[in-house]
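Line by line, the protein sequences give chains A and B. With our numbering applied, the first sequence covers 1 to 521. With our numbering applied, the second sequence covers 522 to 856.
No lab work stands behind these hints: they were computed from the structure. Yeah, the Cβ is synthetic: ideal placement off N, Cα and C, and Gly gets one too. You may find that some hints are simply not true.
Partial list, computed: chain B residues near chain A (C-beta under 8 Å) [to be verified]:
#	residue
1	Phe732
2	Ala735
3	Val745
4	Arg746
For each label pair, taking beta carbons as the anchor points, the in silico distance ranges come out as [unchecked claim]:
#	chain 1	residue 1	chain 2	residue 2	range
5	A	Glu325	B	Leu666	41 to 49 Å
6	B	Leu786	A	Glu191	55 to 63 Å
7	A	Glu365	B	Gly702	37 to 45 Å
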Amino acid sequence: MTDQQEGAAQPPPRLEVARLSKAFGPARVLRDVHLRVGPGELHGLVGQNGCGKSTLVKILTGVYSPDPGGHVAVDGRALSLPIHPVAQRAAGVCVVHQDLGLIDDRTVWENVRVGRYQAGKLTRKINRREERQAVEQVLARLGKTVDVNQRVGLLSTEDRAAVAIARAMQDHRPGTGLIIFDESTRGLTGEARSRFFDILRSLIDAGASVLLISHRLEEIVEVTHRVTVLRDGAVVETGLPTKELDEASLTKMMLGRHLVTRGRVESHATDDAIASVRELTVRSVKNLDIEIRGGEILGLTGVMGAGYREVAEAIGGASRADGGELTVRGRAIDLAKRRGCTEEFVDAGVAFVAERRLDEGLAAELSVSDNLTLPRVRRRGKPLRTGRAWQAAETAAMIAKLDIKPPHPGAPVGTLSGGNQQKVLLGKWLAGAPDLLVLCEPTQAVDVGARHDIIDAIREAARGGCAVVIASVDAADLAVLCDRVLVFSGGRVAAELTGDLDQDAIIHATFDAGTRKGVAC
Amino acid sequence: MEPTTIPAEPTPAQAPRPQRAWRNRHFAARYAVIAVWAAMIAVYAGTEHGLFFHAGTFQTIFSSQQPLVFMTMALLCTICVGEFVDLSVPAVFGFAATVLPVLVVNHGWGVWPAALVAVIAAVAVGALNGFLVVVVGVNTIVVTLGMSTLLTGVALWMSDLNTISGLPTGFQAIANTDVGGLPISLYYGVVLTLGFGYLLAFTPLGRHMRFVGASREVSRLSGVRVNRIRFGSFVVAGLLSGVGAVIAVAALGSYNPTTSDSYLLPVFAATFLGTAIIEPGRFNPIGTFVGIYFLETGILGLQLLGLQAWVSDVFYGGVLVVAVTIATLLHRRAA
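Hey, can you work out the whole structure from these sequences and the hints?
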């Protein structure tokens, strides 16, 4: 498609960015960035965390003003900088943000329509029926059936993403415009993701352009036409046709070096069962028994709602089960007991790395060191003194081990990039040398470099004899890490994969189990 | 378009990441209020021809604020663990301060048993607040607003709207004993503030309190007993209000329950002003302590200039808004 356009009478590009730079004080986060997205093009934008992708999006949406000298044009018309949100909307540029920007205790239609409410002339009352209909129409265009009166906080990750996409796309006129997706696919699992890309393709076919920002290189390679790679705020390569690319070459461009591919390594599983779960009953899961050996890495996966996530949360102590018992090195914990906190689990050597790192894992306003040492501050400190030495040692060890940047123990966690926050969260629990490590989506929305550091750290923990449980939808992670994968479906273990795992087999088992269940019901 | 050749291009050395000195980052924000305090003293000293720089002025400022110190620390207890905001602190204080003289003067109790009962009553109210907020899950503001009004009413009924005086003179010694020219009650406040500051900064309990205040879910999943800490904060808030009341009654020799309400704004003004001092953007005991004396200096100076009692309302309200605004702006720029 792009070749034809280049050969033809050169329609102006949908989006043209040239000479765009941005500095925050001495830090130059964007340097002379240029980028072209043609009409009807699906353009990928990749780079590690902190490479400037988000800053670029924020300039395009008028959150930041670029340094003088930059140029941004849509359909050949230059936009004045900084970009005014009204001008941005008029030019047909819309964004689905990384954090989705949804208000959890408001309904779907309120979230979609916020800022656009049509009020009655006299009463200034919002016409709820029309609003709801408008929202239903947008969702229907996305092929989603979501109850528009549902509160957003109660929706699944997939539906939340759909709501955010609906909000961004509601004013979209077919055949024009540019939609920027900033990590919008990260909560979407296999099927939902392919439906999402179907939507993208239909938008593209209707003439819209899409700028897709994603950490998932395989989806960039698979769905985009061309790709732009950013590294340290500068464009490494722009407009590369993805047909000629694979993930490895993209990674190399992003990192500026060859990354040793983390293949599977020898299992470190020993023969003695360190942890066992007996008769676990939680939600749809009934009477589940699991044995986990020392050094073993056990994956739990399935489609959304299959029950694997609930199992991990119950084992980790995050939520109460309806019944069951966990035994860790001979110490029994009643999983159905009502508890105020996970103290009993922590004392028994269970570590739980939560999925939503800033809601469940780390306090953003407090420092890296305080967050890292929290689970041990009571046991390792004295009642009247937390003790500095052990905290400094633990923090330094984890900063070095996980390559946390910036390496300041006193930096508030909220100032770190997502990948580094995830490393702090992992370090918080690894520093306690747990016997059983339970992780939920440990590499969600982190860049390639951080993912490798995290995978290495998990392996090292297993090598040290720790039993590891990973609940994840990411088949690639499970394939390189796990000794054994339990595939859940409708609350039961539908398949148990062992031996040399590969990504495709896991995906296959997941969706095979999912559909069989669908037919059976 | 050979992608494999592109990465071979040598890239200039990685952009140096600015090394931020986190400790000194907020220097301006930390000490802005203290600088204004110094400036204020200088201005008063200039305009009042030595009237302000009189030993008596400083004695007045530093000997009169013990009730506020105890009440702000009580408020900090619950604010630090994320409870916004305990409106009942001045009422609990007033309740305890009424119970003590009523028992002694009207019912002939000994002063020590009466003091003990006053403190226990305040602790019981704190525990009731804690039960309703933490266990039952009622909104903090609603519970404490209701509790505040209820207790003030009960105190007025007990005292029959009168000032109760006639406490034995020996009792005053626990508050008014002269230490280095200032009453011992000032030192209680200093010790309490430093102790609380130490607790938050250096003990595991204080660390847990900070995390509960920052995120209950993160704390719960890290093995912190969230509800125990929240409940305990309400109980300790009651305890501090009660003990503060006993010392205040000893200092005054009497108590007028209609004055309880007048503490509400100063307590909040000083506590919020404290977020602009030492640790910008964070509630902290030492900042709060400085805030109390900052406010009192300003008001006393204005009163010495001949302004009337209304000046305290204007000053408390105005300073609160301005100081917190400035601290927020400084904090944002530094971040």
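Tested hints:
A least Cβ separation of about 6 Å between Phe732 of chain B and chain A falls short of the 8 Å threshold, and the interface hint therefore holds. Interface restraint check: Ala735 of chain B against chain A, minimum CB-CB distance 4 Å, threshold 8 Å, status holds. Checking Val745 of chain B against chain A: minimum C-beta separation of about 6 Å stays under 8 Å; hint holds. A distance limit of 8 Å between C-beta atoms decides the matter here; for Arg746 of chain B the minimum to chain A is near 5 Å, and the interface restraint holds.
Between Glu325 of chain A and Leu666 of chain B the Cβ separation comes to about 45 Å, which falls inside the hinted range of 41 to 49 Å. Remark: the range hint 55 to 63 Å for Leu786 of chain B to Glu191 of chain A is upheld by a beta-carbon distance near 58 Å. A C-beta distance of roughly 41 Å is found between Glu365 of chain A and Gly702 of chain B, which places it inside the suggested range of 37 to 45 Å.
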